[in-house]
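Here are the chains, one letter per residue:
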Amino acid sequence: MKTLVLAAAGLTLLGSAVGAQQRLRATGWGDGAIVQLGTQILGARESQSGPVFGGEGRLGLGPVTLGVGYLEGRLQPGTSGTPQGRDLVEARIFVSARPLSWLTLSAGPRVRAFVTDAATERWVWWEGRARAQNALASTPLQTYIELWRALSARVNLPEPVDHVQGGEAGVVLRPPGAALWFRLGYRVDGARLGGGLRSETVEAVSLAVGIGGP
Amino acid sequence: MAPPESTPPPEDIPLPEPPPPPDIKPEFVEAVRSLAEGLAAAVAVVVLPSIVSHDAAGFKGRFAIAAAIGGAGIVSFFAQRSAPAVDAIAGANAAARAAARRRLEQVQQQNAQSAAEVRLIVRAGPATSVELGGGP
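These protein sequences, in sequence, are chains X and H.
Here the first sequence stands for residues 1 to 214, numbered as in our numbering.
Here the second sequence stands for residues 1001 to 1136, numbered as in our numbering.
Simulated from the structure, these hints should not be mistaken for lab results.
Think of the CB as a built atom: it goes at the ideal place given N, C-alpha and C, for glycine as much as any other residue.
Where hints are given, some of them may not hold.
To be verified - One side only, chain X facing chain H, incomplete, derived with CB under 7 Å: (1) 38; (2) 39; (3) 130; (4) 133; (5) 139; (6) 145; (7) 186; (8) 188; (9) 193; (10) 197; (11) 209.
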């Protein structure tokens, strides 16, 4: 039901933008990040980290933007935890709108998988996001803060999902006259399962290079 | 025909409004806003793990990001308060005030001129017929 409501809202926004006959905007970027995964089960904690690479593309029409993103990398165990590494694969689709010049609201599904030789942990959730981004006067810099929360989530683990939420903040550099922009950011998301029996946290420090609007 | 009558001067032209202060944003407010935005984003990076996930270990690398963002806010603050920007805004403020003063003086002069003028209005009375009597 939530899926239908979100899809209808997205199509309505897209339809109004098409009706306004506005120009199509394209944006894309590549992203490299150091990701740290922390898992806590009944108080026992393990962590893994590694480089992850990905990208995102967006098409905007009027106030509405449709985007897709993908990232993939290999996480290796740290000093504690399982001896086995795992692959992180993630993809998302979203529709976003800008009700204010500095505020962007978006929603869409995201899938994430942690793949080992033995098993694959699969997450699917629908998330709603709010992002505030504004230029720092007299500089080519912009800062942003983004918060999101899963509207619904599923995972192939025995514990039920309590909640999944996350946030991101960073700084964007757009040199004057340059087509490219650069973004340095930190993002974190946390999932709580089984009333706190299990939790998973994914943190990343990322550097992105993009073209088009950041 | 009714006799000519003197009339009071026409109503004065309303005086122009003084220039509103928001026309030109004070440079200090802009500088503080940039500083606040930079510091807010830097603080967000530091506290996000504890807000989002109580079990998060907190990636130490995020402090470098926080420093970069906070530094950007400070750079913007000082760039805004640099001398050329202040001079430009001060000059624009002075020009706006001078233009408003000229408009005010012009209207005051027009009103004084209107009040000094003597005006006569000749109104036609009702039509009457006068019979010319025959001569003796």
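Here is how each hint holds up against the structure:
1. 38: Holds: closest Cβ of chain H sits about 5 Å from residue 38/X, inside 7 Å.
2. 39: Violated, about 9 Å.
3. 130: violated, 13 Å
4. 133: violated, 10 Å
5. 139: holds, 5 Å
6. 145: Since chain H brings a Cβ to about 5 Å from residue 145/X, closer than 7 Å, the hint holds.
7. 186: holds, 4 Å
8. 188: holds, 5 Å
9. 193: The hint is violated - residue 193/X has no Cβ within 7 Å of chain H, the shortest such distance being about 11 Å.
10. 197: violated, 11 Å
11. 209: At 16 Å from the nearest chain H Cβ, residue 209/X fails the 7 Å test, so the hint is violated.
Hint violations for this structure: numbers 2, 3, 4, 9, 10 and 11, all remaining hints satisfied.
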